[in-house]
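Got two chains here, each in a separate frame; can you build the complex from them with the hints?
Residue numbers (this note's numbering), protein chains in the order written: chain A, 1 to 116; chain B, 1 to 109.
It is worth saying that the hints were derived from the structure and are not from the lab.
Note that this is a predicted model, so its numbers are computed, not measured.
Honestly, I wouldn't trust all of these hints.
As the list claims (entries may be wrong) - Interface residues of chain A toward chain B, partial, derived using beta-carbon atoms under 7 angstroms:
(1) E22
(2) S43
(3) L44
(4) L46
(5) I93
(6) F107
(7) P109
(8) G110
To be verified - Straight-line alpha carbon distances no greater than 25 angstroms define the calculated PhoX-like cross-link-like pairs of lysine-lysine that follow:
(9) K20/A x K42/B
(10) K96/B x K42/B
(11) K96/B x K41/A
(12) K1/B x K42/B
(13) K66/A x K20/A
(14) K1/B x K41/A
(15) K64/A x K20/A
(16) K96/B x K20/A
(17) K14/A x K66/A
(18) K66/A x K41/A
(19) K96/B x K55/A
(20) K64/A x K14/A
(21) K1/B x K96/B
(22) K42/B x K14/A
(23) K66/A x K55/A
(24) K96/B x K64/A
(25) K55/A x K20/A
(26) K1/B x K64/A
(27) K55/A x K68/B
(28) K1/B x K55/A
(29) K96/B x K66/A
(30) K41/A x K14/A
(31) K96/B x K68/B
Positions of the beta carbon are idealized from the N, C-alpha and C atoms, including for glycine.
Below are the chains, spelled out letter by letter.
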Amino acid sequence: GAVVSQHPSWVICKSGTSVKIECRSLDFQATTMFWYRQFPKQSLMLMATSNEGSKATYEQGVEKDKFLINHASLTLSTLTVTSAHPEDSSFYICSAGGGTGVNEQYFGPGTRLTVT
Amino acid sequence: KQEVTQIPAALSVPEGENLVLNCSFTDSAIYNLQWFRQDPGKGLTSLLLIQSSQREQTSGRLNASLDKSSGRSTLYIAASQPGDSATYLCAGNTDKLIFGTGTRLQVFP
Numbered sequence: 001g002a003v004v005s006q007h008p009s010w011v012i013c014k015s016g017t018s019v020k021i022e023c024r025s026l027d028f029q030a031t032t033m034f035w036y037r038q039f040p041k042q043s044l045m046l047m048a049t050s051n052e053g054s055k056a057t058y059e060q061g062v063e064k065d066k067f068l069i070n071h072a073s074l075t076l077s078t079l080t081v082t083s084a085h086p087e088d089s090s091f092y093i094c095s096a097g098g099g100t101g102v103n104e105q106y107f108g109p110g111t112r113l114t115v116t
Numbered sequence: 001k002q003e004v005t006q007i008p009a010a011l012s013v014p015e016g017e018n019l020v021l022n023c024s025f026t027d028s029a030i031y032n033l034q035w036f037r038q039d040p041g042k043g044l045t046s047l048l049l050i051q052s053s054q055r056e057q058t059s060g061r062l063n064a065s066l067d068k069s070s071g072r073s074t075l076y077i078a079a080s081q082p083g084d085s086a087t088y089l090c091a092g093n094t095d096k097l098i099f100g101t102g103t104r105l106q107v108f109p
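In isolation and in its complexed conformation, chain B is listed as follows (with noise of 0.2 angstroms):
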């Protein structure tokens, strides 16, 4: 059964900081893995999706890793601002989503 875990469950930085997200799954049999913004109240945002071929994606300030074999993915975010204060979710498909915990992130002024 996949089970996915996020670390740090919560972070509060200052704007401009770099950071790193972290994602772990237990089976590495995944078609893909995709991380998520959600503002509190709010539906999903999809950030990036990672097919399971592939090491990284970005998209702008984003940068999305995946090592299957260790059953690792890494979020990275570079020079923080405020408007990046959200839930960021990671989720493993395998033929259905499973999510992580979360990561709340909050960036202060």
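Next comes chain A alone, as it looks inside the complex (with noise of 0.2 angstroms):
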């Protein structure tokens, strides 16, 4: 139990255009979401934690004109990189919270997200 999937495992795309990220929780509904991104090397550092059927909290840093952040469902949250660029390439992670552990997420496998 407690599987969360992301579409696409990875996506290659031009700068200046935007790119949406998936992510489902497959077996359960998904209280809270999270999204973190990793650069080469580097550990996750959280960007948004989004609850169904609100705005998301954005972390200092983060801009939420840039990045947006859809919640709709108990089991959907979304990603979208709005007018890429090169350094937005990174890996990017969902997580998802409300399975049957207690304050414990639940994390999808990432997307790979490159921008030429």
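See below:
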């Protein structure tokens, strides 16, 4: 149980275009979802926290107009990178809370974004 | 603000050795502490989660301990194998997960 999927697993896009990444909780309802970013050889940095039906809370330094997060249902959250630039190239990982584990997050497999 | 650090940053050992990976955190008001494994270019695999009321958790050759008062956790790997080679991350949970800097482990035959 507590499986989280992400789609796509990797994507290449041109500079200036927008990319949408989906995060789904497959077998439980995720009241809260989290989005992380990981640059090469660095640890995960939390970008934002989203609760179903409400606006996301962004961490300091993360541009909310650039990284649009939608958490419209208890099983789906999306991250849209708008007007992507090469410096947005990174590994994006989502996690979901609300499974059987108390205060536990379940992680998706990640999405590799390359902006050319 | 929670800060999580891990020592050592990298470790290279022959197989069979018993290993200790260290994690320290500044905010002791954590709900739990979690250890993850990450293979190159892959997502996270959860290894062990220790609730704040617990002292340790064990899974196979892995044992993780938690000392909230000193802000420390250790991951003990017994009889290391080449398949254990990966980056190990710890994360403290205080309404959000704050990840450590990671320990890159290489176990050679």
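So, going through the hints one by one against the coordinates:
no. : hint          : in the structure
1   : E22           : violated, 15 angstroms
2   : S43           : holds, 5 angstroms
3   : L44           : holds, 5 angstroms
4   : L46           : holds, 6 angstroms
5   : I93           : holds, 6 angstroms
6   : F107          : holds, 5 angstroms
7   : P109          : holds, 4 angstroms
8   : G110          : holds, 4 angstroms
9   : K20/A x K42/B : holds, 19 angstroms
10  : K96/B x K42/B : holds, 22 angstroms
11  : K96/B x K41/A : holds, 22 angstroms
12  : K1/B x K42/B  : violated, 28 angstroms
13  : K66/A x K20/A : holds, 12 angstroms
14  : K1/B x K41/A  : holds, 23 angstroms
15  : K64/A x K20/A : holds, 14 angstroms
16  : K96/B x K20/A : holds, 24 angstroms
17  : K14/A x K66/A : holds, 16 angstroms
18  : K66/A x K41/A : holds, 24 angstroms
19  : K96/B x K55/A : holds, 17 angstroms
20  : K64/A x K14/A : holds, 21 angstroms
21  : K1/B x K96/B  : holds, 11 angstroms
22  : K42/B x K14/A : holds, 23 angstroms
23  : K66/A x K55/A : holds, 14 angstroms
24  : K96/B x K64/A : holds, 18 angstroms
25  : K55/A x K20/A : holds, 17 angstroms
26  : K1/B x K64/A  : holds, 21 angstroms
27  : K55/A x K68/B : violated, 33 angstroms
28  : K1/B x K55/A  : holds, 23 angstroms
29  : K96/B x K66/A : holds, 22 angstroms
30  : K41/A x K14/A : holds, 24 angstroms
31  : K96/B x K68/B : holds, 17 angstroms
Checked against the numbered hints given earlier, this structure breaks hints 1, 12 and 27; the rest are met.
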